[in-house]
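Asker: If you read the sequences in order, they're chains A and B. Heads up, my numbering is the position in the first sequence plus 912, with the first residue counted as 1. Heads up, my numbering is the position in the second sequence plus 2, with the first residue counted as 1.
One should not assume that every hint holds.
Said to hold, decoys possible - Derived coverage of chain A by chain B (criterion: at least 3 residues anywhere in the stretch with Cβ under 8 Å from a Cβ of chain B; other residues may be distant):
1. 1391-1403
2. 1589-1603
Claimed, not checked - Derived pair list, reagent style EDC-like, types lysine to aspartate or glutamate, alpha-carbon separation capped at 16 Å:
3. B/Lys20 x A/Glu1483
4. A/Lys1215 x A/Asp1544
5. A/Lys1740 x A/Glu1783
6. A/Lys939 x A/Glu1045
7. A/Lys1781 x A/Glu1724
8. A/Lys1710 x B/Glu12
Treat the hints as calculated values from the structure; they're not laboratory data. Backbone N, C-alpha and C fix where the C-beta goes; we use that ideal spot for every residue, glycine too.
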Amino acid sequence: MPTDNPDPRRPDPDALLSLAAQEKRGKLKVFLGAAPGVGKTFAMLQGLQRLKAEGVDVVIGLVETHGRAETAALIEGQEILPRRIVDYRGRELDEFDIDAALQRRPKLIVVDELAHTNAPDSRHPKRWQDVVELLDAGIDVWTALNVQHLESLADVVARVTGVAVRETVPDRVIQSATDVVLVDIPPAELIQRLKDGKIYLPETAKRATQNFFTLSNLTALRELALRRTADRVDEQMVEHLRAQAIEGPWETSDHILVCIGADEQANAVVRAASRLATGLNGSWVAIHVEPTNLDDSNPERLKRVEDACQLAERLGATVHRTMGSDLVGEVLRFARRENVTQIVVGRSGPKRVWAPFSRRFTDEIIRLSTDTPVHVVNTSGAAAARKALLARLRWPKLDRLVVEGGAAVLAVAAAVGLGELLSAGARLPNLSMIFLLSVLFCAVRFGLWSAIGASFLSFLAYNYFFIEPLYEFTVASPQELLALIIFLIVSAFTGSLAARVRDQSYAVRRRAHNTQILYDFSRKLSGAAKRDEVLWASSTYLQKAQGGHIVFLIPEAGDLAVGSSWPPDIELTTGEMGAARWALQKREPAGWRTNTLPTMRFQFRPLITPRGVVAVCGFEPRQKDQPISPEDERALTAILEQTAIAIDRSLLIGEAVRAAALEGNERLRTTLLASLSHDLRTPLASITGAVTTLRQLGEQMSLSERQDLLASIEEESGRLTRFVVNLLDMSRIESGAMTVRRDFVDIADVVRTSVERARRTFPEIQLETSLARDLPFIRGDANLLEQVIFNLIDNAQKYAGDSGAIIHARREGNEVVISVTDEGTGIKPADLDRVFEKFYRGGRPDGRKAGTGLGLSISKGLVEAMGGKIEAQSPAVKRRGTRIIMHFPAVEAKETRPQ
Amino acid sequence: MTRVLVVDDEIPIQRFLKPALTAAGYEVLIADTGREALRLVATSAPDLVVLDLGLPDRDGKDVLVDIRAFSQIPIIILSARDRETEKIAALDLGADDYVEKPFAIGELMARVRTALRHAGTGRDEAMRFDSGGLCVDLHRRLVSRDGQSLKLTPKEYTLLALLVQHAGRVITHRQILSTVWGPAHVDDAQYLRVLISQLRNKIEADPAIPKLLLTEPGVGYRLWVDD
């Protein structure tokens, strides 16, 4: 039997996966009520007491008793987290302490009033975000919520009850809840409880009743709560069926697209789409297309778009923002790509005055979307449209009005002057072209409003100065009047067209500017190999593009450190560091205008590469109270992405360099091992060989042969000892354990002892000394200096054989100079600097590497420890040989005199 | 008189090797360099070469290859323990045995005697082995331990025969693998470990403490011979 088709009743892997993800997260239980006072907190605390009795580790994070005695009684005996006291404008607010909760890590925590807005400067603006963080940390949470606070129901509730709801919770929080418990009592009973003073504090009860606690309101809210709970139960049923692979009618494939415009009704359209998606149990996406031909300097427009997009995100939609001149085309292309099944749009406002023939967005989308149903949301009808129109016809600000109006007046005055001049010279049939010129000038230089102003002024001035009767605002012949009106229409038209051309060219210039910045930036980056260079380039360019302060933070040892900033000496506050850390850990933006610590000066964004977050960028917005324009946002994103790639590259380069250094170390170690093995083994092999020979074959040998073997044992032991002493010295110098005396040292004495020792060690060696008379003392350690000179003679013997060495000592200025010169092959100029390195060994005349490569480096260490300097010269004499020269500061004679 | 050529540039080594070998009854020639060694092998007809791998003018292995190009004279390598790969390479290139520095003179002498015996007696006579209670007759394909006849699998017998033919000398893993399993399996050392353990179970008195089939760590195996 073929097994190609998987068992159709196998559990859906996605469903199982989402179950698994839920298991790692904490579980959320929401006590949902229709209104305050239904007993949510009470029900929650009762459940808590039961769990506590069962021995579950439960903690009360925050519970508001509103002074209710029964509720307060239930808290008795429970562990309650202390609240965080926040000082806000002289008032003390006590808030839920999320850090304490995370540190305490109970199995279950109770956090009341999910819709609460936290005090400013809290980590999250909203309490539900605290709860999400707790759940992410694997802590179970019980919380309470009134149905009117659900985001998607906010406008329905406002319409039904007439009370605007400011504190809202995204629906997805409830959707992610493991359990939703409905706490319900009949409305009449609730009102009775209110009257009895069991809800809220008595003095506020009366106002609350009037505004909110009416029977009709409460009934409507109760219905909403019941329906929401039923929806949630339904969803759970579907999840269960899918996970258990039970066949059932859960098929849903509706994918809804909502178009976010810049008008007043955007939020309402988004909410409508959200409700539609929930009702159809489908997924939904939102799209906003920014017209490319628009000067996007209007901050209110931007804010509306931003708000609507954020709302859509909070309600669970994926938001796409693109740019295009053909809005309808963009939307439909996107819809096809995303396999959208239904489109939701708002109703377009009235047509624009200066573009009476353009088609309205809504009409166009209905006309062109032939295979996809389109829902048109009609919000508050004409009022909203009028408001939208008014908003669009918003007058420019006063200063701009003065400039633009002034320009229009001047341009028209110039036209009048020119007209008078021309008509004085020659009789022209029609002077209206001159006025049209001034209108076009205003349009191109000062925009739409100036052009419209100039049109009207031209209309009046033309009439006044050039149409009979002159210098009156009356018109004699009806033809003239017709011509005048046509002139007005034509000038208004051409003016508005020219103004749009101007706006477009302005937008193009800005885009070109941003492109230029990006281009320069990428060129600059390609030359930056080190991370600091990358960060410095990024901060200067971001500053250029963004305007405000810029700071880059680098993850270091689990924390963040400032890597680069503009201006260079920015100090971050604790709160700002907190936001930056959030961005690092959660890999999402934090700080200004985000969900985390939005009151901060900076917004922090993580720079993410495949290796993780390589840096966090903090930037100050150009204008604090406005969202970033799409144009700036794009430039910002592009710069940050390029920076992330460049940092990644610089880290790779760093790793390559480190790997090369490691390889160098490895080579050094291999050399060291080879050297150690050779230098230790050869004397050992000789000693072992000679000793075993003497024992086994000594009787067959002559006396002289036996004596020779014994001598070789003695010599090789000496060689071994010197080697071990050198090794120990080296390690003492390296570890800093070498103690150096600072006595007065008589150089002649030391040279003599070293030479004697060398003669004992190398009986054949020829040594000469040449010591100046009356050499001053130096400060140092006689034993160590002797060791140094002996090492140098030893070296000379190794490389020059028994031709030996000459030792000079003389005074030069206030220094004593000691040198040891041999007549060996010398050192190659390229190697002169390296001879003092550890384990560097020159070649012997026979081609073998000689010595341990320790003698000179030990000498250098010792000389420097005594405050001297050491250098090598080669060739020394007659193009051969090596000279090692040591300089020591001389001790002045008076210092040495006895006091 | 048997002539031994010592190739080593370290004076202290020469200093004891020469009197030791002389006292043991050999005539000793000394070479400091690889070039000198080749010259002496070609002109002075030594019976055995003691070759140090670290020579000043060239690699000892190259000297070995050059000698093997015209002579089957026994060669014993002197080497350091940390140059295992060089040691194995030298054995594979045709060296007869090796001694690690530092060494006791007795060890070197024993290796010299074994190598000379093999060279002098020729391959034919290495068809019989009788030592430590193990008796192998390659002509009659008989293997017995303390008089008791042993039953070996064909592979075990091939391995044992190889060891007997080179009794007293080290055989590298590579040489064994190539002979027993063929040249395609020279890297499959795990085959060998299993087979060696099977063979030890049959021929050793106490397989946990092998007395006959000895491991040369990292290099190969050696069949022990009672001198």
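Asker: Each hint: holds or not?
Answerer: Hint check:
{"no.": "1", "hint": "1391-1403", "verdict": "violated (count 0)"}
{"no.": "2", "hint": "1589-1603", "verdict": "holds (count 12)"}
{"no.": "3", "hint": "B/Lys20 x A/Glu1483", "verdict": "79 Å, violated"}
{"no.": "4", "hint": "A/Lys1215 x A/Asp1544", "verdict": "14 Å, holds"}
{"no.": "5", "hint": "A/Lys1740 x A/Glu1783", "verdict": "14 Å, holds"}
{"no.": "6", "hint": "A/Lys939 x A/Glu1045", "verdict": "12 Å, holds"}
{"no.": "7", "hint": "A/Lys1781 x A/Glu1724", "verdict": "14 Å, holds"}
{"no.": "8", "hint": "A/Lys1710 x B/Glu12", "verdict": "14 Å, holds"}
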